[in-house]
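One line per chain: the protein sequences are L and X, in this order.
To convert, note that position 445 of the first sequence is 445 in our numbering; the numbers rise steadily by one, no gaps.
To convert, note that position 21 of the second sequence is 1021 in our numbering; the numbers rise steadily by one, no gaps.
Some clues are possibly wrong.
To give an idea of the chain X side of the interface with chain L (calculated C-beta under 8 Å), a few residues [said to hold, decoys possible]:
{"no.": "1", "residue": "A1031"}
{"no.": "2", "residue": "A1034"}
{"no.": "3", "residue": "D1037"}
{"no.": "4", "residue": "V1039"}
{"no.": "5", "residue": "V1062"}
{"no.": "6", "residue": "P1087"}
{"no.": "7", "residue": "K1122"}
Within a straight-line C-alpha distance of at most 25 Å, the following computed DMTMM-like cross-link-like pairs (lysine to aspartate or glutamate) qualify [claimed, not checked]:
{"no.": "8", "chain 1": "X", "residue 1": "K1107", "chain 2": "X", "residue 2": "E1060"}
{"no.": "9", "chain 1": "L", "residue 1": "K392", "chain 2": "X", "residue 2": "E1012"}
{"no.": "10", "chain 1": "L", "residue 1": "K351", "chain 2": "L", "residue 2": "D91"}
{"no.": "11", "chain 1": "X", "residue 1": "K1011", "chain 2": "X", "residue 2": "E1042"}
{"no.": "12", "chain 1": "L", "residue 1": "K393", "chain 2": "X", "residue 2": "E1093"}
{"no.": "13", "chain 1": "L", "residue 1": "K392", "chain 2": "X", "residue 2": "D1037"}
{"no.": "14", "chain 1": "L", "residue 1": "K393", "chain 2": "X", "residue 2": "E1060"}
{"no.": "15", "chain 1": "X", "residue 1": "K1102", "chain 2": "X", "residue 2": "D1019"}
{"no.": "16", "chain 1": "X", "residue 1": "K1049", "chain 2": "L", "residue 2": "D91"}
{"no.": "17", "chain 1": "L", "residue 1": "K392", "chain 2": "L", "residue 2": "D211"}
{"no.": "18", "chain 1": "L", "residue 1": "K206", "chain 2": "X", "residue 2": "E1051"}
If you're looking for bench data, these hints aren't it; they were derived computationally from the structure.
Quick reminder that beta carbons are idealized off the backbone N, C-alpha and C, glycines included.
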Amino acid sequence: MSQPASEMSDGVPLIFELGQKGRANRYFEDAKPLETYLPPSVLREELPLPENSELDVVRHYTRLSQRTFGIDVGFYPLGSCTMKYNPRVNDAIAARREFAELHPYTPDELAQGALQVMYELERSLSSLFGMAAFSLNPSAGAHAELAALLIAKKYFKDRGETHRDKVIVPDTAHGTNPASAAMCGFHVISLPSDSRGRVSVEEIRKVLGPDTAVCMMTNPNTLGLFEEQIAQIAAEVHAAGGLMYYDGANANAIMGYTRPGDMGFDLMHLNTHKTFTIPHGGGGAGHGPLGVAAYLVDYLPTPVVVARDGEFALEFDRPKSIGPMRSFWSNFAHAVRALAYLYANGEAGLKRVSQLAVLNANYLRVKVAEFLETPYPETCRHEFVASAQRLKKEHGVRALDLAKALLDRGYMAPTIYFPLIVPESLMIEPTETESKETLDDFAAALHGIVETAKTNPQELFDAPTATVVGRVDETRAARQPDLRWRA
Amino acid sequence: MAVPEDLLYSKEHEWVRLDGDSATIGITDYAQNALGDIVYVELPRVGAKIEQFGNVGVIESVKAVSDLFTPMSGEVVAINDGLENDPAAVNREPYGAGWLLKLHLSKPDERNNLLAPAEYDKIAAE
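Bound-form chain X, shown alone (with noise of 0.2 Å):
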């Protein structure tokens, strides 16, 4: 189960890539293995205003229907507009061309309440 070390992690199974005020968020490698086959993906509107922890979207498996949350406050200024045609890509990476969304951050000071990489391997492995 990949942990990248670059990353800050929510107990909900998100990660977060921080760009200054900038973050681009998607799911874990755990999360996606636990979900399995992704089909579809349901994100925010780009210009939405959203809040930590907040419900924001849905995420789709063949399993289950489960909530998306943000790990972080801030406006959406992109989503990944590819998984509406491969949601598979969550699936096959992750931390890459399964991201999700991007925010400009209102509260960059929010990342004090995230996880670093050991501490969320710790929790995922649980």
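Isolated chain L (complex conformation) (with noise of 0.2 Å):
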């Protein structure tokens, strides 16, 4: 059932609650009818798009545009999303025609320089993280994910161990690792963590076994903290046959430090659009390349560029390959704003992005510290937890009423109930592009939210009020889903 337009859009009309019969543009009038092109088996009787005019479509979407909030308007400090800022340059770069009106089918010899951009952000993202080949093929960390888990099963199965089933996942995981690992058909061992936050070799040696097939874990870990016993977990994992496999949503702690390969993984990936630069967390378009150790190779999604005698080429005949994981080259303009963001920085440039990520974060995590409980009170890497637990036993506030209270002081909230192993978690990620100033002023409005729980919780119960949308229904979202406007 369809809610009246004005509840669902807050005062702003739909698009399709705009204009009239008729009003559409003329740019197509002289076209000829659609049924001169397409055979009427793809015919609709009825087609009702909205018919606006050019003028009220642009101030509709201009209007729009201003209501959303993103990294260009304030802080967002999501933990494990790395919402850092994405430098200007590397989009213009993207955008340039040589690259933006590249057809896909153009061939490799008039594509060179498409090719070697692919071909450098391959090798560079190998020697970064010190795997031996990277696919630039995933679409987003998920589909990585994916995609290894689909290399560990065609790799068990040329061994003749198809009986290795389970996947190993810490409880401070994300979501995407258990889902991944289900979607191929493995069943998925849930690890608990020790009392510091940490996979431990102990509760490690007890789910190993021959049916083991991948462990898969991200370092540091959701807590923020760094799994420091990593290199022994591997090598258990190993002595039992199973894979190692990197999440690489928290990469941006360790770029110049550590590498995923030099720590045992065997398979990771890399998601650019947080690590590096791309504009995200809109559900838009990302970049998750996968990397893998030497053995693994042949089985990297098609095509991959190879340069052979100085020429640049797209490699499809691999026997071993899991084949593709999408259309065409994947989202390309990404792996030039990836490799702008990889040159523009350079090595060292990129060690300096972890350390500033992990000094903004523990700055902010004391300050924090003073007001609200830090479960794991030790130096964090790029983000860190908090918890409202005591709030809520005291004067029942919630994670929930501090995060929507910081949207009406003009910031984006944390992550909150994640990782599931703290209570009334909040997640927070500050990045390194965040000034003092910004990372002061945040604690200091969070600060000032924390009081107003203790004198006046109802404030943050009716929060927030100064947004263009209120308080939502987040159950009757769930559970009566509306997901399509209708007439």
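Using the hints, build the complex out of the two chains.
Structure follows, in structure tokens:
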């Protein structure tokens, strides 16, 4: 059942409610009827598109754009999402005609520059993260996880070890890890963290066995803590015949300091939209290069960019490959952005990126610890987790209420209720691109909210009130989703 | 937080109501409160044979998706179909209309691995 329009859109009419019949633009007035081009079987009887003037359309979408919140508007400390500033120069380079107007069917010999971009990005990622080779094929982190698990499956099949059907995932893992494993038909074993928020060698030994396929970890983990025993953990998994997968979501913490390949990982992905540059957060196109150790290179998705006698080419004929993960050459413009970012920073610059990301997170962590619990009060990496558990017990104010009140003060809320092992958690990742002043202002705003929780909790239960849309009914949205507009 | 005296509990916050070789299973008041508004419950099919402390389903709330574990082994003889349209029953009446499944127990002695109300109360209060 559809809701009244005003309720759905909070005052902004929908594009469908604007306009009048016959008001659409006239650009295609002289075009031949569709029947000229399309067989009758694919023609619709009715196509209820809105008919708006061009001016109305421009105004409508400009108004909507003014109502959105993004990194270009304000601080966006969304833990594990690495919402850093994306330098405009990378977009400008990707938008150059030579890249933007290149047709995907252009023959290799006429697309040497584009292939060189892909080749150099692949080589650079391999060296930066200690892998033998990368595929630029997957479009996002979870997409790369799926590709990696398909590779693991094929690898074990080739070795006659199809009985390996268990994927081990720590209880702090990103939800995509168990989801990807389940998608591939693996059984997921959830591994409890120890009292220091880490995976321990003792715990992993308990679940390893002849049925172990893959252990998926991120390092630093989602508590922002470095897994110091990672080398021993990898050795244990390898001794059991399993593979190690590195979820690159938190790679912003380690560049130039350590490499997943050196930690013992066999497969990994990097979210270049997080760790490098590429506007994200709106569910837009991502970029999730997948790296593998030498003995898995033949399994990478096709095509793979190769260099032969000074010429670059796309190689499709790779018998062991799991095949393409998506159409064409993935989100190629993102590869351009990523390489531009990589070359602008260089190795020393990327190390500095990680250094400042960790410094900013710790600066903010110490400030926040003055007024909120931080269950793992040690030096963190690129993010940290605070908890509103005490506020909930004493004043009934939850992490959700703090998050909503932050929106009223012009900030995007941190990630909340994740990782699951911390009750009423707020997971905060400031990134390296924020200034000390921004961090100070944010800490002061959050402190003010915590004080309000003690004196006037109702104000927080009502929040947000200064935003275009007030407190949304998340429960009704989940129980009775209304996903499309109908007249 | 309600912890009825006539039930047994697991560390994973499930409750069991024993009736001879049968058991009714649900999640505790503490669990529903910690999860928040529940929006979807996925239960095993009737006839499935499940093992104590095994993962048998999923509970999705506005906050998170959580695994459902069975506190005892047996064959599923009934599931609460009403939760498909009204998952909120788990929040309203976790020990009543919000029950999840009924088992024919294969190992009734497993009750010795479960917690008495006072013991569970202590764990949940931490």
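Verification of the supplied hints:
Nearest Cβ of chain L to the Cβ of A1031/X: about 12 Å, over the 8 Å cut. The hint is violated. Interface restraint check: A1034/X against chain L, minimum CB-CB distance 7 Å, threshold 8 Å, status holds. At a threshold of 8 Å, the smallest CB-CB gap from D1037/X to chain L is about 4 Å, leaving the interface hint in force. Using the Cβ-Cβ criterion of 8 Å, the hint placing V1039/X at the interface with chain L is satisfied: the shortest such distance is roughly 4 Å.
Because the beta carbon of V1062/X sits about 5 Å from the nearest beta carbon in chain L, less than 8 Å, this interface hint is met. The beta carbon of P1087/X comes within 7 Å of a beta carbon in chain L, closer than 8 Å, and the hint placing it at the interface holds. Hint status for K1122/X: violated, given a least beta-carbon distance of 17 Å to chain L, over 8 Å. Between K1107/X and E1060/X, the direct Cα distance comes to roughly 29 Å. Violation of the 25 Å bound is thereby established for this hinted pair.
A distance of roughly 22 Å separates the Cα atoms of K392/L and E1012/X; the hinted pair therefore holds under the 25 Å criterion. Pair hint K351/L plus D91/L holds up; C-alpha atoms about 23 Å apart against a cutoff of 25 Å. A distance of roughly 20 Å separates the Cα atoms of K1011/X and E1042/X; the hinted pair therefore holds under the 25 Å criterion. With a CA separation close to 22 Å, the supplied pair K393/L and E1093/X stays within the 25 Å bound.
This hinted pair checks out: K392/L and D1037/X have alpha carbons roughly 16 Å apart, not beyond 25 Å. Taking the CA atoms of K393/L and E1060/X, the gap is near 23 Å; set against the 25 Å cutoff, the hint holds. For the hint pairing K1102/X with D1019/X, the CA-to-CA distance comes to about 10 Å; that is within 25 Å, so the pair holds. For the proposed pair K1049/X and D91/L, the alpha carbon gap of about 56 Å is over 25 Å, so the pair is violated.
At most 25 Å may separate the alpha-carbon atoms for a hinted pair to count; K392/L and D211/L exceed this at roughly 42 Å. For the hint pairing K206/L with E1051/X, the CA-to-CA distance comes to about 19 Å; that is within 25 Å, so the pair holds.
Violated hints, listed in ascending order, are 1, 7, 8, 16, 17; each of the other numbered hints is respected by the structure.
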